[in-house]
Amino acid sequence: MTARRCRGSCPVRAARAASRSRIAGVLLVLGLFFLLPDGAWAARISELTETTFTGRAVRFFTLQDPSLRFALTGSVLLGICCGLMGSFLVVRKLALMSDALSHAVLPGVALGFLWTMKKDPLAIFLGATIAGLLGAGLVQALRHTTKHKEDAALGFVLASFFAVGACLVTMIQNLPEGNKSGLDKFMFGQAAALGPGDVQLLAVVTGLTLLVLGLFYKELLVTSFDAGFARSAGIPTQVFHYLLMLLLAFAIVSSLQAVGVVLVAAMLVIPAAAAYLLTDRFGWMLILSAVFGVTTGVVGSFLSFVGRNLPTGPLMVLSATAVFLGALFFGPRHGVLAKWWRRRSRSARIGRENLLKAMYHVLEQEGFRGETIPIRHLAEVRRESIEDVTRDLGRMQTHGLVSFTGDRRAVVFTPDGWKRACEIVRNHRLWELYLTHAANFAVDHVHEDAEKIEHILGEDTVRQLEKRLDYAHRDPHGRLIPGRADDYGKGPNVPKP
Amino acid sequence: MTDAEIPLEVHDLSVAYHKKPVLYGIDVAVPAGKLVGIIGPNGAGKSTFIKAVMGLLPLAGGWVKIFGKPYRENCRRVGYVPQRESVDWDFPVNVMDVVLMGRYGRLRLGQRPGAKDREIARECLEKVHMLPYAKRQIGNLSGGQQQRVFLARALAQESDLYLMDEPFAGVDAATEAAIIALLQDLKNRGKTVLVVHHDLSSARDYFDMLMLLNMRLVKFGPTAEVFTPENLQTTYGGRLTILSEVVQSLGSQEK
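Just so you know, the sequences run in chain order C and S. Mapping of the first sequence onto our numbering: position 342 corresponds to residue 342, and the numbering continues sequentially without gaps. Mapping of the second sequence onto our numbering: position 167 corresponds to residue 167, and the numbering continues sequentially without gaps.
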């Protein structure tokens, strides 16, 4: 094999190796969790003795208790799993679906408990999954057989299933075996109540999610983006849709113990919504969303722990909300702060360019005889006070566009400033000419429009305009149009300061 | 001509939405290497026709053959350009990602696109003059550019039969000219292209053959023969209103 061919095939091999290592990694994680001995489950977190905040915080970070390790591992797995599934929900506009599904599982949780009469993770998982899928099926059935749209169907299923579940849970708690069932923890979640069985379940579900996403990323991507196209290309979109819904149900059900029925949908939607604000690539969105999920999971369980068993769900959701607000305000491209900053610098630039233009007009009135522009004169043209104009000119000096004369009563253009002034005046006059010539505007209608356009015309558009207007020399008011930036001083129509 | 050489053959095709018929008994056999325009008024079932051909909608009756076989077995030989409004342009993918999707149908389940697929996608982007935008998020493109991305994705499918749903909708004149040049090029390479088109005035210049559709197939044939005032009157005028009303009331009785 020649070196050239090797280079060509290396990316392919690298990709295969990467997918192999991805699968191996998933299996390793799965294996590790099955090896966790059940006996490691010792004292419940609520029985811990530290009473001060720092004492509890130290205990949290040193991971002394096995129970705490379970809570933390569970939160990490839950964060990954919910973050990944949530990304699909957000881009497919199914956020409400997750809310309905998470409420619909509650009767299943109760029935799973009644089946074994103890809090058996597997029984509850099965019951909840069946109830969830039943709810999802009912939504589909309502949509297809009645004239109701998805929102009404979701609202109906969410509320009615939840009501049934709430009644069942209350009934169970009135039973002799029920008052210690811990089922009340399913409402708002308690990471501290995660047992080894719960964590194993979370590990299996997270592993399964990673495996499916690793294997079928391209199918899931195209199904989410353009299902019609995907089907036309022979991809079984229905299969992938149901696979995704099944994984979603798994993610919700296995996270219930930690986050609770009421708020688990938020753990799906909020990290993904924050990631959506920060990136334009779906792969990165998945990764970011999982990272946010883990962060909020860990922070939530930490707060719940130091706050002496406050419900974990609301705390996780609050930390997720903090991440979302962070992305909303500080996102580098779409963030509120970045947008505000861009708007601010744009209006500052427009202000500078307008002042440059006014300076040009002053020189033009004098027939370009001198180079200095008296500030008093400029203030008259701008209808502003001398102090204001001097202050603005000071800012322009820091940008290297003008320099003051010795007595600070006048300014001259720097070469950069002169170039930019000519460009702005040229843009203005070219646009006026274009509007009157090509778009049949009346001469007295074009000034306002050109005032805005002059700041945003790119050089390419300017070249096109010049060509379209046969390299005209004068604007509709008969004034000279400054020449192209690169040949100042060459053409007959180019004034030189 | 044998069955396997006919890119698209449709027999007695009927499609209904909620029991209301949209297409009714369509028979057509499109010969290879032609540029075919599908013309008809709003709601005539033009988009429905190409979706039904690809099995995206359930058929109420009839059958479809692609190069002599059912669609499922020959779907790799079909390229599709959906309507631009059919997707969410805020979706977090860039231009290259979308064009690569054109290769997905040729890859095995679970197989990732490789270096060769990327090379083909780049060539297709170059053909529609969109290569400089490869890394751009698709929402930051003009309507014409978005349409060209969809076209590049279909080119990347390397198919023999192309079905395009309103590729000229909302594009600027320059893009329209570029697209039509591309379609001519496809035709010259022996491909067959079916285009849903709503602009009557340009239809005569663009297409070799026309399919005049208004719930029924009014006429199918070479443009010069089909583009007559009489046929257009049948397609666009009121002559078929009674048919559609009767069929609709039939549908609502069966509900």
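There could be a bad hint or two in this list.
Below, a list of computed lysine-lysine pairs in the DSS-like style, where the Cα atoms sit at most 25 Å apart [claimed, not checked]: (1) C:K339 to S:K135; (2) C:K147 to S:K19; (3) S:K135 to C:K149; (4) S:K34 to C:K149; (5) S:K135 to C:K147; (6) C:K93 to S:K51.
Read the hints as simulated data drawn from the structure, not as lab findings.
Cross-check of the supplied hints:
| no. | hint | in the structure |
| --- | --- | --- |
| 1 | C:K339 to S:K135 | holds, 22 Å |
| 2 | C:K147 to S:K19 | holds, 14 Å |
| 3 | S:K135 to C:K149 | violated, 37 Å |
| 4 | S:K34 to C:K149 | violated, 42 Å |
| 5 | S:K135 to C:K147 | violated, 42 Å |
| 6 | C:K93 to S:K51 | holds, 24 Å |
Of the hints listed earlier, those the structure fails to meet are numbers 3, 4, 5, in rising order.
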